[in-house]
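Number of protein chains: 4
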Amino acid sequence: MANSIGKILTITSFGESHGRLVGIVIDGCPAGLPVTEADIQKELDRRKPGASAASTARAEEDRAEILSGIFNGHTTGAPICLVVWNKDVKSGDYDKTKKLLRPGHADFTSYVKYGGFGDYRGGGRFSGRITAGWVMAGAVAHKLLDTIGVEIVAHSIEIGGITARSMDFNTIRQNADANPLHCADKEAAAKMLAAIETAAGEGDSLGGIIEGIAAGLPAGLGEPVFDNLDGEMAKALFAIPAVKGVEFGAGFGAARMKGTQNNDPFIIKDGEIATASNNAGGVLGGISNGMPLVVRVAVKPTPSISQKQQTVDIENMTEADIKIEGRHDVCIVPRAVVVVEAMMAIVLCDFALRAGLIPGVIK
Amino acid sequence: MANSIGKILTITSFGESHGRLVGIVIDGCPAGLPVTEADIQKELDRRKPGASAASTARAEEDRAEILSGIFNGHTTGAPICLVVWNKDVKSGDYDKTKKLLRPGHADFTSYVKYGGFGDYRGGGRFSGRITAGWVMAGAVAHKLLDTIGVEIVAHSIEIGGITARSMDFNTIRQNADANPLHCADKEAAAKMLAAIETAAGEGDSLGGIIEGIAAGLPAGLGEPVFDNLDGEMAKALFAIPAVKGVEFGAGFGAARMKGTQNNDPFIIKDGEIATASNNAGGVLGGISNGMPLVVRVAVKPTPSISQKQQTVDIENMTEADIKIEGRHDVCIVPRAVVVVEAMMAIVLCDFALRAGLIPGVIK
Amino acid sequence: MANSIGKILTITSFGESHGRLVGIVIDGCPAGLPVTEADIQKELDRRKPGASAASTARAEEDRAEILSGIFNGHTTGAPICLVVWNKDVKSGDYDKTKKLLRPGHADFTSYVKYGGFGDYRGGGRFSGRITAGWVMAGAVAHKLLDTIGVEIVAHSIEIGGITARSMDFNTIRQNADANPLHCADKEAAAKMLAAIETAAGEGDSLGGIIEGIAAGLPAGLGEPVFDNLDGEMAKALFAIPAVKGVEFGAGFGAARMKGTQNNDPFIIKDGEIATASNNAGGVLGGISNGMPLVVRVAVKPTPSISQKQQTVDIENMTEADIKIEGRHDVCIVPRAVVVVEAMMAIVLCDFALRAGLIPGVIK
Amino acid sequence: MANSIGKILTITSFGESHGRLVGIVIDGCPAGLPVTEADIQKELDRRKPGASAASTARAEEDRAEILSGIFNGHTTGAPICLVVWNKDVKSGDYDKTKKLLRPGHADFTSYVKYGGFGDYRGGGRFSGRITAGWVMAGAVAHKLLDTIGVEIVAHSIEIGGITARSMDFNTIRQNADANPLHCADKEAAAKMLAAIETAAGEGDSLGGIIEGIAAGLPAGLGEPVFDNLDGEMAKALFAIPAVKGVEFGAGFGAARMKGTQNNDPFIIKDGEIATASNNAGGVLGGISNGMPLVVRVAVKPTPSISQKQQTVDIENMTEADIKIEGRHDVCIVPRAVVVVEAMMAIVLCDFALRAGLIPGVIK
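Residue numbers (our numbering), protein chains in the order written: chain A, 1 to 363; chain B, 1 to 363; chain C, 1 to 363; chain D, 1 to 363.
Calculated directly from the structure, the hints in this document are not laboratory data. Please note that a few of the clues may not be correct.
Where chains are identical, the list cannot tell them apart; a pair therefore holds if satisfied intra-copy or between any two copies.
Pairs of lysine-lysine, PhoX-like flavour, derived with a Cα cap of 25 Å [unchecked claim]: (1) Lys-363 to Lys-99; (2) Lys-269 to Lys-308; (3) Lys-323 to Lys-96; (4) Lys-99 to Lys-323; (5) Lys-96 to Lys-308; (6) Lys-186 to Lys-96; (7) Lys-323 to Lys-186; (8) Lys-363 to Lys-191; (9) Lys-258 to Lys-308; (10) Lys-308 to Lys-48; (11) Lys-99 to Lys-48; (12) Lys-258 to Lys-191; (13) Lys-191 to Lys-99; (14) Lys-308 to Lys-363.
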């Protein structure tokens with residue numbers, strides 16, 4: 001079940017970049033949740049290439065289709081199958097370089113694992129495109145979380161070394177979608193865009209950092225010791241292609257703090273227990289503590305660059321050069337923002353269901 | 001199965017810090033592997049408090065006991081139960097502060113999740129002590145990995161802001177165990193120890209960063225898209241108390257690199273495909289690529305500090321001060337090094353078994 | 001993951017009787033297996049209604065479609081999605097009796113579990129139609145088992161109280177598909193067909209017993225103590241709608257035997273260890289013993305009958321009569337034969353993969 | 001995780017017949033349930049050998065010990081480890097016949113699977129003795145089910161071909177424990193005992209049938225299509241050594257009924273929906289329907305008999321005779337009754353937790 005994740009709410013991913021479709025089966029969703037294709041489409045559209053320079057020119061308009069599990073506008077408790085059909089596929093681009101391993105891509109590891117039988121077109125199963133299915137599942141998860149007042153916002157906090165300034169949650173949620181980079185800091189966004197355009201001109205690519213925040217999360221979610229909230233969340237986020245690091249709260253910065261600095265003092269706020277700071281990022285002992293869950297993911301620069309690179313011709317076992325053609329995002333951070341939100345929503349739903357916070361039938 | 005991890009090689013953790021014992025059940029270990037209590041003890045001893053200032057004074061000598069699954073000196077294919085009995089337990093220390101939530105600890109989240117029924121003594125189930133069980137399981141996993149030539153070394157690369165210099169794998173493996181901090185850089189280790197002693201004098205604590213390296217790992221391990229090598233490894237590492245971040249290869253640094261810098265060129269070395277650099281940290285597309293697996297984990301400073309802290313009295317729902325007494329590691333990084341190795345070994349064994357690299361019977 | 005089964009080879013079922021489609025996702029299938037839509041179609045056709053009296057008149061011709069996971073005629077190692085679209089759907093038949101619970105069906109239990117949101121048309125998710133997906137997955141599993149010489153044959157051994165005579169495996173495999181009842185005993189098949197026609201005339205229905213045999217199975221498959229071969233097989237077979245009992249080898253008959261009668265003496269045959277009899281049905285201690293695996297499943301009479309029945313109107317909470325209209329198999333045993341084969345194949349593949357008998361890449 | 005069963009309430013079995021101990025880890029048990037060693041001991045005692053002729057003379061008095069997960073008399077939410085230490089072990093009995101495969105036992109299959117490394121003493125991991133751990137877990141599960149009013153009673157309904165007469169649930173629950181055979185029909189029990197004594201005199205053994213009933217079970221438990229109530233229950237029951245068949249309600253008898261006979265009419269009883277008969281055995285579409293769950297398991301005659309049997313010497317690969325010595329139950333049906341109850345309780349708890357019927361903290 002390597003292509004499934006989640007214990008009670010489970011998603012199973014299928015499809016390839018240049019195959020017939022990309023899809024997802026959601027199992028364990030409570031019955032009675034109102035879901036329409038428009039709900040799904042809305043999230044899918046947020047993942048669309050936006051900033052001209054940042055994203056691929058793939059013209060295809062992804063249309064979400066519900067194939068099962070929804071009846072009379074509501075979930076039935078049966079598995080929900082959602083798909084987008086691939087339309088704008090130019091596989092010829094890839095056949096030429098098939099035997100040349102693209103640096104930074106999964107061509108080599110896929111070749112070793114699947115004995116050369118893998119679908120190499122556009123990265124096949126390793127393409128970022130398969131996250132379209134996850135985003136569709138995320139749309140359902142977001143609706144489920146709505147029923148218990150949990151809201152998730154992710155945003156770009158760093159691209160090409162340019163960092164957004166720190167903001168409060170409300171400012172972030174209001175501004176994160178205001179530009180195609182999903183960066184809540186308008187000034188930083190402008191600089192990031194310029195950096196992306198420069199990189200594009202150089203045939204290079206950029207990475208960055210995404211921060212995801214879940215607000216309204218009740219204390220008590222997480223299943224120690226191994227199915228803890230941070231561990232399951234990290235696993236889900238590392239599934240996103242190009243993610244190389246995950247940290248919660250103060251994260252790697254906590255390694256440089258003293259206990260007196262890093263410990264979040266407990267206080268009473270509005271009659272509830274809270275913490276004065278949130279270096280923990282909302283999770284203690286693998287369980288949510290009622291503070292916002294804060295996670296950051298490091299995204300590597302897009303491996304597909306148009307500059308010539310050194311590689312190996314796997315058929316002839318000779319060293320060779322490769323020049324990757326075709327359309328590629330210079331920086332996938334902006335599009336990955338929506339995927340981070342989706343994976344966070346899916347994991348949090350799973351925990352909310354495990355904790356019995358969301359009932360088996362939504363009324 | 002929140003206290004189990006692994007798909008084919010599964011470990012199930014049980015026990016508490018101040019209960020009768022700490023233990024582990026290992027399921028799915030192939031038959032025929034020679035295992036003695038001495039093998040287990042050896043790893044357990046490496047986790048012992050070593051640097052006087054860095055570690056607790058808990059006098060107890062942990063003795064590994066095999067309760068099942070080993071017969072005539074070999075694994076039988078049946079579940080292996082390993083335990084250490086708790087002896088030197090001073091639970092009175094904890095009863096006094098039972099109602100005061102310790103900042104940075106799981107007292108509050110445990111209280112919410114388990115309704116106050118949790119064993120609060122010494123952190124109970126949330127104590128670092130339960131990792132003794134994981135280290136015992138790791139000892140078996142290391143022996144399994146030996147059969148396929150995989151070697152794992154972890155070491156402290158940063159403590160209290162002091163960083164070790166970069167070294168090659170052989171230097172690290174030769175020097176990492178030469179001092180109680182498990183820091184391969186002797187000079188840095190001396191400074192780290194001084195920093196720990198200073199923090200101890202101030203009633204404060206320190207965090208740091210551990211790097212784990214798996215050498216000899218064949219290409220092809222990992223199960224995309226959700227059970228990928230990095231995701232499963234990250235989940236296992238986030239189970240270690242105090243871990244707040246996990247990154248592979250260039251990690252968060254990759255977010256600041258360009259594609260031309262971050263992509264590892266493929267080369268042919270000794271007739272095999274390799275990469276000229278290892279920014280990927282040995283994993284591409286969730287699958288090992290034959291290069292050393294390199295992972296780093298951020299460890300927060302020990303939350304137990306002897307300075308007075310602000311907190312909440314959960315019985316009376318009033319704000320209060322807490323002063324934690326008893327014995328505590330000023331910095332758990334050195335002891336966590338052995339736990340990182342153990343979790344890495346367990347995860348890699350699981351993948352090697354899933355890939356059929358380790359047979360069902362060891363001969 | 002209630003709609004998934006299998007640990008290494010996992011199938012995930014989706015779709016409804018009168019929704020858009022019925023489908024399956026197969027995860028964990030090794031790469032390199034040649035699979036065509038014709039391979040899938042062949043098994044699907046065997047499940048088609050055959051004997052006029054025994055089966056429904058649903059005219060729809062099911063066409064298997066491969067949506068993912070197959071590339072250039074071979075499996076890629078990625079999830080394989082297979083579907084059949086529903087075409088000949090007369091949902092109006094069901095709206096009329098929607099509020100009347102059909103005795104012997106899941107209408108009531110579905111209503112309780114899913115709060116009335118379930119798709120009630122044609123039994124929705126509880127319809128035998130969803131086994132079309134399982135049969136498609138079974139087609140792939142049969143091909144995988146071919147690579148290690150395992151052959152599975154199921155046949156009707158009892159319908160309406162009429163029993164087929166005992167035969168050897170070769171006779172069964174040659175004759176089981178010779179008539180639409182999948183009964184290898186021609187004379188018994190004729191009587192069964194007559195019984196079915198009589199029951200049809202009376203507006204009644206019949207049950208029966210199916211026997212499944214797996215030949216060529218190597219010794220050593222099965223994972224005691226809980227994932228044993230018989231337990232996993234039984235679970236998979238109880239998923240087939242209408243199955244009320246599962247037994248292996250002498251089964252319930254063994255309860256009436258003495259140890260001297262039931263124990264299968266070990267012998268040496270062709271230089272291999274075998275047993276002189278097969279009361280164990282090929283499984284000892286939850287592990288295959290190299291003898292043919294023999295399992296029998298009890299199938300209840302089709303609950304949809306055209307006679308008037310007593311029931312409850314769930315909207316008005318009043319007792320009421322129900323007369324079920326529409327098309328229904330008088331006896332589903334013949335069609336379930338193919339489903340039994342499919343589920344056996346899926347479970348045995350999973351165990352063969354767990355045992356490393358089938359490699360990760362088929363060459 | 002072959003030695004684990006259950007999704008939310010998971011038990012992990014370890015230990016061997018002649019090793020140091022037999023144990024169980026229960027994960028996922030809600031916090032706050034009062035549990036004492038006496039609660040566990042009570043169930044363990046019911047599994048003790050009782051009828052002199054029926055059971056082994058193993059003198060050992062099993063003492064349940066709680067090793068973790070219980071604090072101040074209540075479950076903590078942490079894994080509960082329960083063990084019984086083996087004391088009265090005469091392993092010498094087994095060494096003599098080590099190379100001779102005992103017919104009807106797992107000696108051969110274990111040998112194949114574990115390459116001869118298995119603990120052969122007393123059946124090792126395949127011994128009925130390991131069910132002592134399951135019975136201890138069952139004791140906890142029974143207490144959990146008490147909180148929602150579910151009661152489970154199993155009883156011997158057939159031994160050596162002698163059948164108990166049919167009785168109502170209250171009569172069964174009052175009389176089932178009145179004799180060591182756990183047969184509610186006193187007259188039948190006397191005949192069964194005589195049959196057992198006769199078989200004992202002949203050096204032979206007997207099988208039988210156990211019926212398990214769960215009363216008070218609410219409608220709505222079960223997770224179709226694969227994790228359904230009957231399938232999961234069957235899997236759990238097939239784990240009990242010597243079980244060769246499992247059926248629900250009318251079971252194999254349903255195969256011989258017509259739809260008009262087998263369908264249970266829906267009625268309204270005390271304002272609730274019920275069925276007039278219970279051929280379904282309390283489960284429809286894999287979900288409980290509020291009627292008593294009725295399951296029957298076929299138990300084969302004890303394979304250990306004192307008569308001479310034909311077998312193979314696996315070291316020399318020659319045919320040979322074997323005469324099994326040592327103490328053995330002539331009929332394990334009476335002792336398996338308690339194990340059936342335990343496994344039923346464990347499975348039902350798991351489903352009750354999945355359905356949110358039992359909360360995360362018991363108050």
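Outcome of the hint check:
{"no.": "1", "hint": "Lys-363 to Lys-99", "verdict": "between (55 Å within a copy, 20 Å between copies)"}
{"no.": "2", "hint": "Lys-269 to Lys-308", "verdict": "between (58 Å within a copy, 21 Å between copies)"}
{"no.": "3", "hint": "Lys-323 to Lys-96", "verdict": "within (11 Å within a copy, 64 Å between copies)"}
{"no.": "4", "hint": "Lys-99 to Lys-323", "verdict": "within (13 Å within a copy, 64 Å between copies)"}
{"no.": "5", "hint": "Lys-96 to Lys-308", "verdict": "within (15 Å within a copy, 67 Å between copies)"}
{"no.": "6", "hint": "Lys-186 to Lys-96", "verdict": "neither (41 Å within a copy, 52 Å between copies)"}
{"no.": "7", "hint": "Lys-323 to Lys-186", "verdict": "neither (35 Å within a copy, 45 Å between copies)"}
{"no.": "8", "hint": "Lys-363 to Lys-191", "verdict": "neither (47 Å within a copy, 52 Å between copies)"}
{"no.": "9", "hint": "Lys-258 to Lys-308", "verdict": "between (46 Å within a copy, 14 Å between copies)"}
{"no.": "10", "hint": "Lys-308 to Lys-48", "verdict": "neither (28 Å within a copy, 52 Å between copies)"}
{"no.": "11", "hint": "Lys-99 to Lys-48", "verdict": "neither (30 Å within a copy, 44 Å between copies)"}
{"no.": "12", "hint": "Lys-258 to Lys-191", "verdict": "between (34 Å within a copy, 16 Å between copies)"}
{"no.": "13", "hint": "Lys-191 to Lys-99", "verdict": "neither (38 Å within a copy, 51 Å between copies)"}
{"no.": "14", "hint": "Lys-308 to Lys-363", "verdict": "neither (58 Å within a copy, 35 Å between copies)"}
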